[in-house]
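Assemble the complex: chain A is given as a structure, and chain X must be docked to it using the hints.
Protein chains in written order, with our numbering: chain A, 1 to 414; chain X, 1 to 123.
These aren't lab readings, by the way, just hints derived from the structure by calculation.
Glycine included, C-beta positions come from ideal geometry on N, C-alpha and C.
Keep in mind that the hints are not guaranteed to be accurate.
With a straight-line Cα cutoff of 25 Å, these simulated PhoX-like cross-link-like pairs (lysine-lysine) come out [said to hold, decoys possible]:
hint, chain 1, residue 1, chain 2, residue 2
1, A, Lys387, A, Lys400
2, A, Lys387, X, Lys40
3, A, Lys400, A, Lys61
4, A, Lys41, A, Lys61
5, X, Lys40, A, Lys61
6, A, Lys41, A, Lys79
Chain X is nowhere near these chain A residues, computed Cβ spacing over 10 Å in every case [what the hints assert, rightly or not]:
hint, residue
7, Arg39
8, Gly66
9, Glu68
10, Glu80
11, Val98
12, Gly133
13, Arg175
14, Glu179
15, Ala325
16, Gly331
17, Val334
18, Glu407
19, Glu410
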Amino acid sequence: MSALRESCDVAVIGGGPAGLAAALGARRAGAGRVWLLERDKTLGGILNQCVHDGFGLFLYKETISGPEYAERLIEDVAKEPIRVLTGAMVLDLSPERVLRVNARDGYRVVEAGAVVLAMGCRERTRDMIEIPGPRPSGILTAGTAQNLVNLQNLRIGNEAVILGSGDIGLIMARRLVFEGLAVRGVFEIQAWPGGLERNVRQCLMDYGIPLELGSTVVEIRGRDRVESVVVAKVDEALAPVPGTEKVVPCDTLLLSVGLIPENELSRRAGVELSPITGGAVVDETLMTSVPGIFSCGNVLHIHDVADWASFEGFAAGERAARYAAGERGGGETVRVSASSNVRYALPQIVSRGLAGVEWSFRVRHPVRDAAVEVRGRVSGRVYARRKFGRLLPSELQKIKVAPAVEEDLEVVSP
Amino acid sequence: MSERTVVDRLTCVLCPVGCELEVLKDATGELQVEANQCDKGLPFALEEVLRPRRNLATSVPVAGTAARMVSVRLTGPVPREIVFSILAEIAKLRPQAPVRRGQVLIANVLGAGVDVIATRSVR
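Chain A on its own, in the form it takes in the complex (with noise of 0.2 Å):
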């Protein structure tokens, strides 16, 4: 069998709010032959179906709409020469950076210079997170919800718990409401909301909706179609507490309790993921552990805010585009840790003497008045202090350290 072999500069898998700024990035940076390749039908991943406001204030000083934020980027990226393959899934990636692609006039197989992963993420389902009882009709990812209600023009049900407070529980539950469902409440296992308390305000407080913390479902019920769900208090270990279950009548029960990068090609190409990101260990330049590989938007890390994303695409792409034009690192590097209240600082390896870099974190547990340091590892020494009013890990945050970085780090909040 024969297959179309080409070969391109840069090639970019995935075309959502990362993947169309990282193609801009190659272009912008010089590179000849850049490939945009989106498995959907269309460019704009899941910004298509964010119909609300609030995307764009830093990419383009403006609150606009998922849908128009993504049609801006599609825009430029169609005034460059830009080959953009949409209904192409690419089956497979080799270290040595093949890839192997099911376009819709066939199976091809492309060379890339270099590679920028930008698949994004999904969502954390029902089965992985074991809730006992049958199966029936009615139980659905809060996205997939949103994917179905704004798209499809889908009525999914009557009434609706939902079973997660991050920002697409919440906004699901308005979008619920004004498609005439009853929202019963949005049941949270932490003791804090998972998103901005603006969506709590604007989603929950407006229509009446209880926020139940420290819940979570146990049980759900019904056989062809859901009929209730029930929940319970947890413990401080996330446990249900014996004695505090309740029935919720419903017939329809939304998850928004996680998502998880999609990290199956960085995978096959041998790329090292982390286990407390699930997105790839990277370096400054958003390189992977494999040569000319790059990483960036959801796939590397899960984002709140869709402008950093597509910050983190332009740079990947304008970093593999050098890389594809022949420039290469190579140096001594330092490792990058995070520990006690921070749960992961990227990038995770840095080229040993270099200032000025400027490290994304996240914590575990929301706090106060607390200082965050990014200090030697082993010689305690402190590179950057920064002090913060609050922090939650609902927000993305950043420290920058100004002087060289000579020793493996730890990037800490006491």
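Chain X alone, transformed into the frame defined by chain A:
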């Protein structure tokens, strides 16, 4: 000393600082805003307590296409009380393809001074 009660607590979203504002009511019923680090925090908090405004977004089917939807939003926030009335007006919409991003589908909806616009293009 006057007796003050906390009417509301909210984080200001006008800039990245995110001041945690408190709105208090004194014995005469007058409202005061505290913990703002700039002037903008005052009207922001007072408006949210006295005259909350909201934007909204939804989607409508596009006539002349195979079940394609166009997402829509308002060009600015409106009084919270008229959100459902505006949704009812939007629910009547069946814009004809092609639709252009930014196209006004309902001008000055219910006299609220904002337009309903398409937020994507549909061919």
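Hints versus structure:
1. Lys387(A) / Lys400(A): 12 Å, holds
2. Lys387(A) / Lys40(X): 24 Å, holds
3. Lys400(A) / Lys61(A): Roughly 23 Å between the alpha carbons, so the hint for Lys400(A) and Lys61(A) holds.
4. Lys41(A) / Lys61(A): Violated - the C-alpha atoms of Lys61(A) and Lys41(A) are around 29 Å apart, more than 25 Å.
5. Lys40(X) / Lys61(A): At roughly 18 Å apart (the allowed maximum being 25 Å), Lys61(A) and Lys40(X) satisfy the hint.
6. Lys41(A) / Lys79(A): Given that 25 Å is the threshold and the Cα spacing comes to 20 Å, the pair holds.
7. Arg39: 20 Å, holds
8. Gly66: Violated: least Cβ distance 8 Å, not greater than 10 Å.
9. Glu68: Nearest chain X Cβ is 5 Å from Glu68(A), so the label is violated.
10. Glu80: The claim holds: Glu80(A) sits with its nearest Cβ about 19 Å from chain X, beyond 10 Å.
11. Val98: 35 Å, holds
12. Gly133: 32 Å, holds
13. Arg175: Non-interface label on Arg175(A) violated, nearest chain X Cβ at 8 Å vs cutoff 10 Å.
14. Glu179: 8 Å, violated
15. Ala325: 35 Å, holds
16. Gly331: Gly331(A) is indeed farther than 10 Å from all Cβ atoms of chain X, at 35 Å.
17. Val334: Given that every Cβ of chain X is farther than 10 Å from that of Val334(A), nearest at about 30 Å, it holds.
18. Glu407: 31 Å, holds
19. Glu410: 26 Å, holds
Hint check: violations occur at hints 4, 8, 9, 13 and 14; the rest are consistent with the structure.
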